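**Q** Listed here are the chains, written in short residue letters.
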Amino acid sequence: MPNLSYLKALNRALTTEMAADPSVCVFGEDVGVAVSNVTTGLLKKFGPERVVDMPISEQAFTSFATGAAMAGQRPVIEFQIPALLFLAFEQIANQAHKFSLMTGGQVNVPVTYLLPSSGSRGGWAGQHSDHPYSLFAHVGVKTVVPATPADAYGLLLTAIRDDDPVIVFAPAGAIGVREDVDFATLAPVPLGVGRIHRPGDDVTVVAVGHLVHDALAVAEELAGTISVEVFDPRTLHPFDWSGLAASLERTGRLVVVDDSNRSCGIGGEILATAAEQMRLIAPPKRITRPDGAVLPFARELDLALQPTRAQIRTAVEQVFKLSFPPATESSTAAGLSTATDTEE
Amino acid sequence: MTDAAGLYRTVRLIRRFEERAIELVRDGTIVGGIHPYLGQEAIAAGTCAALRPGDVITSTHRGHGHVLAKGADPARMLAELTGRATGLNGGRGGSMHAADFSLGILGANAIVGAAVPIATGAAWAARRAGKDVVAVTYFGDGAVSQGVVLETMNLASLWKVPVVLVCENNGFATTTRVEQAVAGTITGRAEAFGIPASTVDGSDPEAVLAASLEAVERARSGGGPSLIECVAYRFDAHHTWEHTARPRYRTDDEVAEGMRRDPVALQGSRIPDAERDRIDAEIEALLDEAVRFAVDSPPPDPAGALDHLYADGLRARAGVS
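If you're matching them up, the sequences are chains A and B in order.
Take 803 as the starting number for the first sequence in our numbering and just add one per residue.
Take 378 as the starting number for the second sequence in our numbering and just add one per residue.
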């Protein structure tokens, strides 16, 4: 079976879609030469009218793509660095994303924002190591974080075909992943449908992006002791809440691993939703970057602020041992539990 | 309509539309207020008169004039301002986001300068698709130091995009005078990017039209972008909020002097009295009907507050669980 790398999967999705749909074009810095290796071969195949090297003007070319999309094109913008999203946040969150609602549905903005090597690349320091996917899920932009080559292919294809703005984060920690794939089975992956990479009975680990691979490694380490289910949401907005609920129906225990800063990260939203609406038999845990983290340069410091396998393993072991205390009469009387009041 | 009467009709329509809209702000029918276009009518009228139906525009927070001059239905426009289901945007946009894509009106935009790259991208894409489309993008003097506007001038010139950059210099960015905020010149910014630029009397519809015809022809024939700085005077408030807050940043004498440059009076003087009276009466009847239509229209159903958030009808989670 052929072996497909994550990078090649992105390239293959772009090539496939550009060949199939003449309205698809690629904007970005150094996309002709393909410095990120994602756009390799596209300039030669499709020409400079469809593979457009941009000056260093992220704000202008992001909204330029919005205008082009309104006029019938389907641009894919490659941003070389995730922090450029802060620069173009106005153009994505406040312009492209809002046009459909603000105009009463008169226009769609089918732009894809592609972030090859999002998150820490190791040693790229404070302004090149962000992973701001939660920010986009928060404002309502369709947000995709594929973990595997086949999902990267299928989700990028879907993102390009989607009639709304979609942002695709390709984590640096996943971009080196390869897998054996039957090319005939490569297919679009719908947004909002999670994937269980490994079924289990005891603890559900929700892992985002490259952390799926860490969660799988921990699940393997713990096999025979704790049966871990690894749930990959694949898209953060829309989120596969029913898929998560179904997993928790089986396990009732939850650990979330998320490369966001802690406060207001998607990990917090997953915990909150599970606590409000899903079956939990033990207090859940999340592993994230610290509150308001800025990744420092030195390798030891960089790694110190990102979720680790050891942290995942500890959290799984702890959650496995925990359970909610049963409601007692005294706690009910003290108002600590109102379960009896709301029982149907 | 490039004839004198046609231009008069447009500036008069905008003038009376804005005056009626201000009345509706005062009586509470329009909530959130408006940014009146009074005094700048010649700019919208002159530029849009140079366009064909298939051409496109982007507008600003002070955008009613552009939207009307490009042909939007005043009744549906007023219904949008009053937040009705029958509005251009179904009540989802209001004064600062009025759009009619069927007429090439790619929306008013509430962020200063933000629509300039959108119009430029739309013009680039239309040309790429082999369509004969020129875009006009309006922005104020307050936008000329926004990075995204300057970045877009570079792109537009680099690729000879068929876009006309129309800077409405009304003297003020909210309350800050242009001379306090703009180093160098507005036309000099464009010229630095190799874009031909001119300054015209933005109170004179025919002067604006003449400059626009030249710029639009340059764009259409592949000559690339132009910038027209239209100098006018904003008669009324930055926003109707000023009617009650009354910030002091210009004297009554200055305003009175500025209002002598009246595009409606100027263009009215260029046509026979009888024709002017006929147009005035026609516009009053049109606006009476528009106000009636807006006020009688139902508000949108709150159950649909998130309609159109996504093209595919994806429903966002509610705010309560």
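Since the hints were made in silico from the structure, they are not lab data.
Wrong hints could be hidden among the right ones.
Residues from chain B that face chain A, not an exhaustive set, calculated with beta carbons under 8 Å [said to hold, decoys possible]: (1) T463; (2) G467; (3) V489; (4) A502; (5) K537; (6) R597; (7) Y626; (8) T628; (9) A695; (10) V697.
Lysine-lysine pairs mimicking DSSO-like chemistry, simulated, CA-CA at most 27 Å apart [to be verified]: (11) A:K846 - B:K508; (12) B:K537 - A:K1123; (13) A:K847 - B:K537.
This one's a predicted model, so the numbers in the text were calculated from it and none came from an experiment.
C-beta atoms are modelled at their ideal positions from N, C-alpha and C, and glycine is treated no differently.
**Q** Each hint needs a verdict: does it hold in this structure or not?
**A** Here is how each hint holds up against the structure:
About 11 Å separates the beta-carbon of T463 (chain B) from the nearest beta-carbon of chain A, more than 8 Å, and the hint is not met. Interface restraint check for G467 (chain B): the shortest CB-CB distance to chain A comes to about 3 Å, inside 8 Å, so the restraint holds. A distance limit of 8 Å between C-beta atoms decides the matter here; for V489 (chain B) the minimum to chain A is near 11 Å, and the interface restraint is violated. With 8 Å as the threshold, the beta carbon of A502 (chain B) comes within range of chain A, its nearest partner Cβ sitting at about 4 Å, so the hint holds.
Interface restraint check for K537 (chain B): the shortest CB-CB distance to chain A comes to about 13 Å, outside 8 Å, so the restraint is violated. About 16 Å separates the beta-carbon of R597 (chain B) from the nearest beta-carbon of chain A, more than 8 Å, and the hint is not met. Because the closest C-beta pair between Y626 (chain B) and chain A is about 27 Å apart, greater than 8 Å, the hint is violated. Restraint check, T628 (chain B) versus chain A: the minimum CB separation of about 36 Å is more than 8 Å; hint violated.
Violation of the interface hint for A695 (chain B) is found here, the shortest Cβ-Cβ separation to chain A being roughly 12 Å, above the 8 Å cut-off. Annotation: V697 (chain B) was flagged as interfacial toward chain A, and the flag is violated, the nearest CB pair being 10 Å apart, outside 8 Å. Using a Cα cut-off of 27 Å, the hinted pair K846 (chain A) and K508 (chain B) holds, with the two alpha carbons roughly 25 Å apart. A threshold of 27 Å between alpha carbons decides the hint, and for K537 (chain B) with K1123 (chain A) the separation of about 67 Å lies outside it, so the pair is violated.
Taking the CA atoms of K847 (chain A) and K537 (chain B), the gap is about 24 Å. The hint holds against a cut of 27 Å.
Figure legend: structure checked against the earlier numbered hints; hints not met, in rising order: 1, 3, 5, 6, 7, 8, 9, 10, 12.
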